[in-house]
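Student: Here is how the chains run, residue by residue.
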Amino acid sequence: MVKIRGAVAVVVAVGLLAGCSEQESAPVPGCDGDTAVLVAESVPGASLVPCFTEVPAGWSHSGVLISDAGTRVEFNSDRAGDDAAVLQFQDSCDVGEAVTLPAREDGVDRFERIMEVSPSFRSDRYLVFDGGCVEWQFHFSPGSPASLSVELSVALQLLERSEIEERLAELAARGSPEEG
Amino acid sequence: MWGAGTLAVVAVCFVVLVNDGAARWLTVRELDLLDGLENLRHAWLTDLARFVQDSVGWVTAVAGWAAIVVSLWWRRVRQLLVLLAGLLAVAAISLGIARTVARPRPFGLELLGEWVGFSHPSRPIALLVAALVGAVLTTVPDGRLRRRVWVGVAAVVVVAGLAELYLGVSYLTDVLAAIAIGTAVPILLHRAIAPERVFPVRYRRGRSAHVDLDDERVDAIVTGVDHQLGLAVSEVRTHGLEGSAGSTPLELRTADGQRLFAKLYARSHLRADRYYKLWRRLLYGRLEDEYHFTSLRRFVQYEDYMLLLMAANEIPVPRTHGIVELTPEREYLLVGEFLEGAVEIGSAPVDVPLIDEALGMVRRLWNAGLAHRDIKPANVMVHDGHIRLIDVAFAEVLPSPWRQAVDLADMLLVLALRSDPDVVWERAGLQFTADELGEAVASARGVTLPSQLRTELRRDGRSLLERFKELAPRHEPIRLQRWSVARVVSLLAGVAVAVAGASLVAANADNIGLVPW
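Order-wise, the sequence lines are chains A and B.
Position one of the first sequence corresponds to residue 0 (numbering that gives the first Met the number 0), numbered consecutively onward.
Position one of the second sequence corresponds to residue 0 (numbering that gives the first Met the number 0), numbered consecutively onward.
No wet-lab data here; the hints were simulated from the structure.
Possibly wrong hints are sitting among the right ones.
Stretches of chain B that chain A covers, calculated by requiring three or more beta carbons in the stretch to come under 8 Å of a beta carbon on chain A [what the hints assert, rightly or not]:
1) 94 to 105
2) 111 to 119
To give an idea of the chain A side of the interface with chain B (calculated C-beta under 8 Å), a few residues [claimed, not checked]:
3) ALA25
4) GLY32
5) THR34
6) VAL36
7) SER66
8) GLU104
9) VAL107
10) LEU167
Backbone N, C-alpha and C define an ideal beta-carbon position, used for all residues, glycine too.
Make the full structure from the sequences, and use the hints.
Tutor: Spelled out as structure tokens, the structure:
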């Protein structure tokens, strides 16, 4: 019986281990859920917070690490390969000699550095704003179209930090018996 | 009960936090508490709290590695596996809860410390507690010392938890749930798989099979011997514990003053027998009749039967009184004659008549179709000037000629240790043919010599085996290694399990707190 219990314990432990890594400790940050709050906390000085309304078809996240050092999200693609795109949210970025792109939103400067187009698309893209920066690193498998990067870029939203703070304040008020 | 209570704390926290309304209500209350702590912040206190937080990873790693090293050094494999399973389980459970509850870090506070991932439960605290609890259960003997160490562990955990709260990186319930998980999981695993009563933490080499003679066990022995053998025992105590590496040897004294010798067997002996035979199979192949016992009852029955069989064949072994079942399939007592005044042959004068008697006993074993298989100084006693053979648990019926030759070789060496090898050889020639003696000497190598005999031969320093080889007629060395499909499969399976286990731990060393940075 002891032998059986030991074997069961080992099997259970191994089973529980599926995805034990910190790398997968969070889902892709959506724009409504608590993960967005955690992402905001990872760069406390940033005026904007990245989030996704939905991950485009063909893309899936392979790892999400949110910590006091920032947020890192890795994506796999069924066409561009594993770890084809990595998003990093930090308090600053070194854009180096990246080329400035036309701005799409007020207060967000866009830069891009394309290292290679063919056979593999490789580029770094930066969204720089007050107190923070989002960096995209694309590294596609050979033959994958560069346009795939646009799918992900479009899915990315930048939430105003004040929006998150207001939402939390509202929730806290509703959670309080005296006020709710 | 206690473990279930702590897990209930985790369950309550979990249920509350996955319910939006309850979670908000609780979070607001906990933020009030953290706000209060924020008002206490001072530069020196912040430095201290950060130092404590930085140290948590190191304490976790040191405790974990210390327990691993100690377990390996003292060959406590079961406790080691339970320790690692506990760490892995705590890491996995914490992560599972974190994903489900998805609680952000305290919002609105300045987070002064380092953090990774969701807030509930606090993974650093859970791993710290799991490593400390696991280390205590694996390395500190039960008793007063362990109780004192628990106090120290509690102090370390409280300080680490307060640092997390002060730095604002965790809520109070995050820390409490982490403590509950880190405590309950290792304790429950230890109690289920390596209970203290069966696998006590001790620091004595080679005596792991001994069991404690507590009041409960003494009562069971007295009652069992009375009911099952009809002997009224008035006193039970250990006897010659230091000379026994297997069972727990006991001396029983009956109400009428008679002394009895008893061997207490527990399930741990069954496991020891299994692993011993598996190890020998891996090293040498199947050396005939080395199938392990699958039942403790049969294990004890076999020894009792061998004592009766040998006595029936006039082999001088202690008389057996029978078996006492203390707990079915868990503990048995083999009660026999107490050899009053007997000494090991290594402590007795060995003259020619005694040599003849000992060699004659081997001849009778051969004639009866038996082999003792563990002839060493500790198992050859001199009682009233005559040889008595003890510890027949490894004996074999219908052994191969090689196995019988090994018995003869071992006896030649045992006798030579306390006399002159030339005399022993001369006397052996009166009872065995030159060919039989040549085969015996050719078989005496490596695994065929019991470890105590090897030790005594090294200590003696006279090259006794070499002298016998000079005296013996030339004989081809007898090959020990036996290769079979079963041995190859066992070897491959053993290596695969070891590699898989090591890989599992190595791949998760970071996640279970064994890598501090």
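Student: Each of the hints needs a verdict: does it hold here or not?
Tutor: Here is what the structure says about each hint:
Under the rule that three or more residues need a Cβ within less than 8 Å of chain A, the assignment of the stretch 94 to 105 of chain B holds, with 8 such residues. Look at the stretch 111 to 119 of chain B against chain A: 6 of its residues bring a Cβ nearer than 8 Å to a Cβ of that chain, three or more, so the hint holds. Evaluation of the A:ALA25 hint against chain B yields a held restraint, the C-beta minimum of about 6 Å falling below 8 Å. Interface restraint check: A:GLY32 against chain B, minimum CB-CB distance 7 Å, threshold 8 Å, status holds.
Here the hint on A:THR34 is kept, as its CB sits about 6 Å from the closest CB of chain B, short of 8 Å. Nearest Cβ of chain B to the Cβ of A:VAL36: about 4 Å, under the 8 Å cut. The hint holds. This hint holds: A:SER66 has a C-beta 4 Å from the nearest C-beta of chain B, less than the 8 Å allowed. The beta carbon of A:GLU104 comes no nearer than 25 Å to any beta carbon in chain B, farther than 8 Å, and the hint placing it at the interface is violated.
For A:VAL107, the suggested interface contact is broken, since its CB lies about 24 Å from the closest CB of chain B, more than 8 Å. The beta carbon of A:LEU167 is positioned within 8 Å of a beta carbon in chain B (closest approach about 5 Å), and the interface hint is therefore held.
The structure does not agree with the numbered hints 8, 9 stated previously, though it agrees with the rest.
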